[in-house]
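K.L.:
If you read the sequences in order, they're chains W and B.
Numbering (UniProt numbering) for the first sequence: 1 to 127.
Numbering (UniProt numbering) for the second sequence: 1 to 174.
Keep in mind the hints are simulated off the structure, nothing from the lab.
In this text, a Cβ means the ideal position worked out from N, Cα and C, and glycines have one as well.
Take these hints with a grain of salt, some might be off.
[Said to hold, decoys possible] Sample of chain W residues at the chain B side, in silico, Cβ under 8 Å:
no.: 1; residue: Thr14
no.: 2; residue: Pro15
no.: 3; residue: Leu16
no.: 4; residue: Ile25
no.: 5; residue: Cys43
[What the hints assert, rightly or not] Here are a few chain B residues that face chain W, going by a calculated C-beta distance under 7 Å:
no.: 6; residue: Tyr111
no.: 7; residue: Ile114
no.: 8; residue: Met115
no.: 9; residue: His118
no.: 10; residue: Lys131
no.: 11; residue: Val133
no.: 12; residue: Ala134
no.: 13; residue: Lys138
no.: 14; residue: Pro142
no.: 15; residue: Arg146
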Amino acid sequence: MTPSTSHRSSQPATPLENDDLLLNILLGLPPTPSSLHEVSLVCRRWNRLVSDPGFRRRFHARHCHNPPLLGFLKPSLGEISFTSILDPPDCVRRGRFWLSLDGRSHIISCRHGLVLIHDQSRLQLLV
Amino acid sequence: MAAPESGDGNNGAARMVTLISSDNTRFEVEAAAASLSQTLQLTILDGGGGGGDGIPLPNVDSATLSKVLEYCIKHAPAAANGGAPNATAVDRAELERFDNEFVNIDQSVLYSLIMAAHNLEIEGLQSLVAKKVADMIKGKSPMEIRRTLGFPDPTPEEQAEMNAHMLEYGWAYE
Chain W
1 MTPSTSHRSS QPATPLENDD LLLNILLGLP PTPSSLHEVS LVCRRWNRLV SDPGFRRRFH
61 ARHCHNPPLL GFLKPSLGEI SFTSILDPPD CVRRGRFWLS LDGRSHIISC RHGLVLIHDQ
121 SRLQLLV
Chain B
1 MAAPESGDGN NGAARMVTLI SSDNTRFEVE AAAASLSQTL QLTILDGGGG GGDGIPLPNV
61 DSATLSKVLE YCIKHAPAAA NGGAPNATAV DRAELERFDN EFVNIDQSVL YSLIMAAHNL
121 EIEGLQSLVA KKVADMIKGK SPMEIRRTLG FPDPTPEEQA EMNAHMLEYG WAYE
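Isolated chain W (complex conformation) (with noise of 0.2 Å):
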């Protein structure tokens, strides 16, 4: 018995032309922020390939274990901040991530990157 090496009759002339074979190294890059931005800038096939609501499960699947911290939520004076703590270009802008929360509210716990807010204005708890 032989085995087959291959189960394509024509290779690809590098392995990045190959979709499954380029996946499998993007799955391979950080969870920062920037990370699949930047690689979805290379070129169109790129950009398809980090598109694709598959690979962005399998992305989240690999690195749900290890994600990376990107900032902390301050209380102060009823409000509730958000600050980051990654340098450019992974930082989040303040504005970007903000609560809306427009009324007295406090953090009353977090665990496993959730936050429970209590909404003392709106009578609501938030997740």
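Using the hints provided, position chain B relative to the given structure of chain W.
P.N.:
Structure of chain B alone, referenced to chain W:
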């Protein structure tokens, strides 16, 4: 991954198999090492590759196969122990050191290894070489990635698209 039945038994030499590269170079290697390849494993379990026969690998040249086998020989003992749950920290550190050195190679060799690891379905090697390329492009701008990977310069159309994106998401780079 289990070693082949007669792999490294207690009462004799390890079973050997012969692999033949695309340029007709013959490599004799322990069956346990070659069996890291999912593609080869069934053939070897069926008794192929021994004696005067060899297993032809028409898509892998001798330089690449030599490198692939270097990886397989180093990783075979750990793989035979089911991922080496009992491996000592020293063993693991040694494999990690080997892996880091192993992928310290020219881009063309790296690309050949990616193709060979894919064709031969060697899971650990596939992950290792893919991670190496990911490390080469992480933290780089789109233009730097293109240069690193030897892509041609973008067409004016592509450049305009990249510029438009930078304008739209320029806040991220402030």
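K.L.:
Should the interface hint for Lys138/B be scored as holding, given a Cβ-Cβ cut-off of 7 Å against chain W?
P.N.:
holds (6 Å)
K.L.:
Holds or violated: is the Cβ of His118/B closer than 7 Å to a Cβ in chain W?
P.N.:
holds (6 Å)
K.L.:
Does the interface hint hold: is Tyr111/B within less than 7 Å of chain W, judged Cβ to Cβ?
P.N.:
For Tyr111/B, the interface hint holds, since the closest Cβ of chain W sits about 5 Å away, which is under 7 Å.
K.L.:
Under the criterion of a CB-CB separation shorter than 8 Å, is Cys43/W in contact with chain B as hinted?
P.N.:
Where the cut-off is 8 Å and the nearest Cβ of chain B is about 6 Å from Cys43/W, the hint holds.
K.L.:
Taking 8 Å as the limit, does the beta-carbon of Pro15/W come near enough to a beta-carbon in chain B?
P.N.:
Where the cut-off is 8 Å and the nearest Cβ of chain B is about 4 Å from Pro15/W, the hint holds.
K.L.:
Using the nearest Cβ pair, does Pro142/B come within less than 7 Å of chain W?
P.N.:
Holds, because the Cβ-Cβ distance from Pro142/B to chain W comes to roughly 4 Å (cut-off 7 Å).
K.L.:
For the hint on Thr14/W, just tell me whether its beta-carbon gets within less than 8 Å of chain B.
P.N.:
holds (5 Å)
K.L.:
Does the CB of Ile25/W sit less than 8 Å away from some CB of chain B?
P.N.:
Holds, about 5 Å.
K.L.:
Would you settle whether the hint for Lys131/B is holds or violated, based on the nearest Cβ-Cβ distance to chain W being less than 7 Å?
P.N.:
holds (5 Å)
K.L.:
Would the hint on Ala134/B stand, with a C-beta cut-off of 7 Å toward chain W?
P.N.:
Holds: closest Cβ of chain W sits about 3 Å from Ala134/B, inside 7 Å.
K.L.:
Does the closest beta carbon of chain W sit nearer than 7 Å to the beta carbon of Met115/B?
P.N.:
OK, holds: Met115/B within 7 Å of chain W, min 6 Å.
K.L.:
Is the interface hint for Ile114/B satisfied, with its Cβ closer than 7 Å to some Cβ of chain W?
P.N.:
holds (4 Å)
The structure is consistent with each of the numbered hints, conforming to all of them.
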